[in-house]
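When you get a sec, could you build the whole thing from the sequences and use the hints?
Number 141 in this note's numbering belongs to position 131 of the sequence shown; there are no gaps in the numbering.
Derived by calculation from the structure, the hints in this document are not laboratory data. What you are looking at is a predicted structure, and each value in this text was computed from that prediction instead of being measured. Any given hint might turn out to be false.
FRET-style restraints, in silico, Cβ to Cβ [to be verified]: (1) S116 x L183: 43 to 49 Å; (2) V94 x G237: 40 to 46 Å; (3) G96 x V176: 37 to 43 Å.
Note that beta-carbon positions come from the ideal geometry of N, C-alpha and C, so glycine has one too.
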Amino acid sequence: MVEPLSQRRVVVTRSREQAPELAQKLVALGAIPLIAPAIRFVPLPNEELDRALADLAGYDWLVFTSANAVAFFFRRVQELGVAVRGPRIAASGTATAARLAELGVSPDFVPAEFIGEALVAGLALQAGMKVLLPRARRGRPEIAALMREQGAAVDDIALYDTLPAVWDDTVRLELEKGFDAISFTSPSSVRNFLGLSEDSPAIRRHLQRAVIACIGPITVRAAEDAGLSVAVVPSRYTTDDLCQALADYFSRSM
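Laid out in structure tokens, this is it:
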């Protein structure tokens with residue numbers, strides 16, 4: 011039986027560190043992944059985080075809104091040799107919860123819907139509660155604002171920045187050969203891919219013809235605001251579901 015994604019060229023725009031995981035899942039479904047990272051992560055100075063870690067037991071909630079925030083947070087925890095004790099821990103979705111589980115941490119709360127508003131609603135915040143929110147510099151400020159509206163004192167700390175990646179000639183030439191689909195897992199991956207490809211008419215031409223797959227409504231909105239037509243959006247915001255949704259899409263066209 012021919013796999014729905016057999017020989018389909020699918021662009022992976024995740025960071026260089028994260029792309030191989032998604033690429034392997036696509037290969038398992040018969041696809042040919044083209045790794046073209048659109049983003050890279052850069053750590054930021056840690057003075058504010060260090061102060062928070064010194065008083066970690068004073069927080070009611072420690073909230074993670076991405077797997078990357080988990081990685082950067084616990085990297086600093088290990089560097090300082092501190093113990094993560096005291097606050098309850100919340101994760102915004104299954105990918106974030108899975109990264110915590112890899113580190114032996116079981117979150118106390120994961121919302122059924124993988125969106126920030128559902129996360130905040132489930133925390134049952136009250137006036138005077140303290141929340142530590144380590145996140146990306148370019149993350150959504152609305153989440154901290156929603157927490158503060160409920161009376162919580164929020165330490166909103168930027169751990170890392172998300173910047174455009176740099177493509178070498180090999181990546182650019184491979185994309186210019188054409189692709190059948192492209193996957194976006196964040197708004198920044200959409201914006202940066204468009205910026206990196208703006209001087210290549212061939213890549214832009216292929217992009218307009220490709221099947222565009224996005225994880226989450228915020229990523230969809232970024233793609234549509236950029237003039238792209240999104241065809242595939244999995245109901246669950248995970249890479250496994252993204253791959254399956256792509257396979258389902260192409261199986262309907264076989």
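Evaluated hints:
1. S116 x L183: 43 to 49 Å: Cβ of S116 to Cβ of L183: about 45 Å, so the range 43 to 49 Å holds.
2. V94 x G237: 40 to 46 Å: Given about 43 Å between the Cβ atoms, the range holds.
3. G96 x V176: 37 to 43 Å: At roughly 40 Å between Cβ atoms, V176 and G96 fall inside 37 to 43 Å, so the hint holds.
Of the numbered hints given earlier, the model fails none.
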